[in-house]
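All chains, please: the whole structure from these sequences, using the hints.
In this note's numbering, the protein residues as written are 2 to 190.
Restricting the straight-line Cα-Cα distance to at most 25 Å, the calculated cross-link-like pairs of lysine to aspartate or glutamate (DMTMM-like) are:
| hint | residue 1 | residue 2 |
| --- | --- | --- |
| 1 | Lys112 | Glu180 |
| 2 | Lys112 | Glu124 |
| 3 | Lys112 | Glu187 |
| 4 | Lys112 | Asp60 |
| 5 | Lys112 | Glu176 |
| 6 | Lys112 | Glu50 |
| 7 | Lys112 | Glu179 |
| 8 | Lys112 | Glu126 |
Cβ-Cβ distance ranges computed for the label pairs, FRET-style:
| hint | residue 1 | residue 2 | range |
| --- | --- | --- | --- |
| 9 | His177 | Thr147 | 32 to 40 Å |
| 10 | Arg45 | Gly157 | 17 to 25 Å |
| 11 | Arg41 | Lys112 | 17 to 25 Å |
| 12 | Asp115 | Val140 | 32 to 40 Å |
| 13 | Thr68 | Ser104 | 35 to 43 Å |
| 14 | Thr68 | Val159 | 15 to 23 Å |
Worth flagging that the hints you see were computed from the coordinates, not collected in a lab. Keep in mind the model is a prediction, meaning the values are calculated, not measured. Where is the CB? At the ideal position from N, CA and C, for every residue including glycine.
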Amino acid sequence: MLATSQKRRGRTVGDCRGTTCRLGALLLGLSVVGCAINDRGLVRVRHWEAPGGRVVQLDGWGVHLTTLAADRGITLGRSSRTYFCPTAETLQSGSVDAGDLLSRIADSTVKPVDPGSAPALSELESPVAVISRSTGLVVDVNSFRTGLSLGVRTFGGVILPQDFEGLVWLHYRSEHPEESSIFVQENTR
Numbered sequence: 002m003l004a005t006s007q008k009r010r011g012r013t014v015g016d017c018r019g020t021t022c023r024l025g026a027l028l029l030g031l032s033v034v035g036c037a038i039n040d041r042g043l044v045r046v047r048h049w050e051a052p053g054g055r056v057v058q059l060d061g062w063g064v065h066l067t068t069l070a071a072d073r074g075i076t077l078g079r080s081s082r083t084y085f086c087p088t089a090e091t092l093q094s095g096s097v098d099a100g101d102l103l104s105r106i107a108d109s110t111v112k113p114v115d116p117g118s119a120p121a122l123s124e125l126e127s128p129v130a131v132i133s134r135s136t137g138l139v140v141d142v143n144s145f146r147t148g149l150s151l152g153v154r155t156f157g158g159v160i161l162p163q164d165f166e167g168l169v170w171l172h173y174r175s176e177h178p179e180e181s182s183i184f185v186q187e188n189t190r
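Encoded structure:
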């Protein structure tokens, strides 16, 4: 009779342990599914390039460790990250006049890069922007956030040095990343 009355009021102590066990089994299962560090391991990597920069998108399930200063952390679950990186040429190209600027931005639409010829994420310039969406258990230890999240976390940020003088143009559509554009121009004196 006592067990019946407890069931009618809600959860029993045994149910809570079962939920905890199922969550633990789910996290363990995800870690067995795949492991990745940045763009290495069981993670889908896509690159798009424009004259003004590169867009790199990482998608993975399992344990995903990211070591970039702007997005350092670990995700147990699903991880989707998009990095917007300038090219070394745009950071050293000097000032640009206004007439030339509009045509260069118009030419900044990204084009897909063959995965075999794409450089590793560690070989690119530091990203000027990050978009991150994670589902599961997330531990962040980066320049934007330090903390623990359980559930769905979405984050976006622009990362520029304090002494940056220039222009950053980003246009991103998560449903159609191939229609994105990136242009970074740092003025040098």
